[in-house]
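**Student:** If you want the building blocks of each chain, they are given just below.
Protein chains: 2
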Amino acid sequence: MALKNDRFLKACRREPVDRTPVWFMRQAGRYQAEYRALRERYTLLEICRRPELCARVTALPVRQLGVDAAILFSDIMVPLGPMGIDYELKENVGPVIANPIRSLEDVEALRPLEPEAELPYVFDTIRLLVQELDVPLIGFAGGPFTLASYVIEGRPTRTFVETKSLMYRAPDVWHALMERLTDGVVRHLRAQAAAGAHALQVFDSWVGALEVRDYQQYVLPYMRRLFAETADLGVPRIHFGVGAGHLLPWMREAGGEVIGVDWRVPLADAWERVGDGVAVQGNLDPVLLLAPDHVLKARVEEILDSVRGRRGHIFNLGHGVLPATDPDKLKRVVEWVHQRGGDTR
Amino acid sequence: MALKNDRFLKACRREPVDRTPVWFMRQAGRYQAEYRALRERYTLLEICRRPELCARVTALPVRQLGVDAAILFSDIMVPLGPMGIDYELKENVGPVIANPIRSLEDVEALRPLEPEAELPYVFDTIRLLVQELDVPLIGFAGGPFTLASYVIEGRPTRTFVETKSLMYRAPDVWHALMERLTDGVVRHLRAQAAAGAHALQVFDSWVGALEVRDYQQYVLPYMRRLFAETADLGVPRIHFGVGAGHLLPWMREAGGEVIGVDWRVPLADAWERVGDGVAVQGNLDPVLLLAPDHVLKARVEEILDSVRGRRGHIFNLGHGVLPATDPDKLKRVVEWVHQRGGDTR
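From first to last, the protein sequence lines stand for chains A and B. First residue of the first sequence? That's 0 in numbering that gives the first Met the number 0, and the numbers climb one at a time after it. First residue of the second sequence? That's 0 in numbering that gives the first Met the number 0, and the numbers climb one at a time after it.
Note that these hints are calculated values from the structure, not bench results. All figures in this text were calculated on a predicted structure; none of them were measured in a lab. The reader is advised that the hints may include incorrect statements.
Computed cross-link-like contacts, DMTMM-like style, restricted to lysine to aspartate or glutamate with a CA-CA straight-line distance of at most 20 angstroms [stated by the list, open to error]:
id : chain 1 : residue 1 : chain 2 : residue 2
1  : A       : Lys89     : A       : Asp74
2  : A       : Lys3      : A       : Glu334
3  : B       : Lys328    : A       : Glu161
4  : A       : Lys328    : B       : Glu161
5  : B       : Lys3      : B       : Glu14
6  : A       : Lys330    : A       : Glu33
Extracted from the complex, chain A is given alone in its bound form:
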């Protein structure tokens, strides 16, 4: 189906838009009554493995909220299963791994990802969605650092002690793991674009835990390769991290047509740091969706005003929608963003 609404893709390319495009990270999720009802019958991964159901979950917020893009319903852990990572998505915890990776042998036991053969349901879902949707579909993957942190720690962490100490103690293991993960991520992103995804987001969510020097030494080379090896796809790539204000210039250097930023740094300041050559996506604090309308609306307008007249702003949150969010709030944010017009406002 031809896209009726391509303002998201135009903004990614820094072309003029009639209205600032808007979508929300985790716009399909626990805040929706329909999703909660489905999750009583299916696990998250069971939804992912049923293309029709997964397409329905992906498309629901597009209709409900009026957002300008859909994002594939999936999880960053999905491509790691066929690579040999035995993971579980534990409720209220996150990914828990039965066999954490700590040695060269562990890394060498990982298998190369064959996305179409091993994750056919992902690409079937994408093919269904691109026929059905009239807005662009965003595919995605986790950044290699973020994936590495899960597979090394074995579960979510605040301190990244195992991850960083492996980096420092056993750089050979670290680099071997990052090579494998980067290969897998590249293949997974390429297959999503081949199936029809119009854009790709790389969630390097936890990379902000690193100091600049460690990012440069242990992560940047892989992010650079990831973006180099997906450049020929011709689809915009969004490069996102949380709490990564200090890394913005290097994330920009690594690549991506769009830099996604969290709420901590004012959006205009973030744009200064990455320069005019890229689009930016962000950056409302998701907790503001729990604020009264007058507070919320003022903040939405402040963000829009702060980058007024610059081409290439995609409105989004600074992180995913929180489960406590009222869907009507999200709907109103979409309306407010759209009411303010686009580049010609």
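Since the structure of chain A is already known, use the hints to place chain B on it.
**Tutor:** Then chain B, alone, in the frame of chain A:
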């Protein structure tokens, strides 16, 4: 006892020093076999309530590691007990509060802190220590935002959903709570200085979760008051936050003779952001203490080199010592820092 070693205080005042002073946040703690043995018999709070024992725990790392300052062994929750907060320090979790603060009535039920009457053991410990130690003793308190986040959430949080949504939904409750907490913190800091503490650190550990605008509106006025109302004490105040690189200019504006920074931002960049008029403390990633010596030493030297020739650097970690740390590593870091000399190097 007169201080034999006052290079920490000299650096706080940006005076020349023979060697860069060094101490470590959480230098008394789980990484020490002696501490672990004590904790089999006493809870953390039981140690705090026994001045002789608490002084011993505080002084132990000074002798063991050769650091240039001691920090009172205590917890940021300690002054909240007499104010009416019923808290528990839960192993591997953190502070858990039986009666979270969510309404104006909750706030109004809080009592003003009378430190000397209600926490006599804290000041008895300080008086013991200043007689006994030949390095300066640092007293401390949590920042009002950080304390507010615990008492509102009721337990440690990653998202600060309850804290921020109270700020947005009920600014009257928020401001009333921050007033009370600031009062308590000021009284607690003043009483520590009166008992003999040579310096004070304000741990606004979680303030980095806020965007700049929220910091300015909801936190900065209280931090400004906190520093104004402790200025006459004549002791250096260290103002510290984690992941707060984006807030540094405003933390500087709020006050403190020393700005403490975490590992994310290179120390020289952090110093640029706060300007020459203050000393800086930091900023080795605590995970580097788990790295091999050659990696660790190179990082220690990089930090020292990056601020070489500037007056007012206090070497520290970017956050507290991790339990997995080998005490010998800390000892070697102290030696390496001292070997490199001071401002005249």
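**Student:** Within a Cα-Cα threshold of 20 angstroms, do Lys89(A) and Asp74(A) meet the stated pairing?
**Tutor:** holds, 12 angstroms
**Student:** Under the criterion that the straight-line Cα-Cα distance not exceed 20 angstroms, is the pair Lys328(B), Glu161(A) satisfied?
**Tutor:** holds, 17 angstroms
**Student:** Does the alpha-carbon distance linking Lys3(B) and Glu14(B) stay inside the 20 angstroms limit?
**Tutor:** Satisfied, since the Cα-Cα distance of roughly 17 angstroms is no more than 20 angstroms.
**Student:** Tell me if the straight-line CA distance from Lys330(A) to Glu33(A) falls inside 20 angstroms.
**Tutor:** holds, 16 angstroms
**Student:** When you check the alpha-carbon spacing of Lys3(A) and Glu334(A), does it fall within 20 angstroms?
**Tutor:** Distance ~18 angstroms between Lys3(A) and Glu334(A) Cα, so the pair holds.
**Student:** Hinted pair, alpha-carbon criterion (20 angstroms max): Lys328(A), Glu161(B). Please report holds or violated.
**Tutor:** Holds - the C-alpha atoms of Glu161(B) and Lys328(A) are around 17 angstroms apart, at most 20 angstroms.
Of the numbered hints stated above, none is contradicted by the structure.
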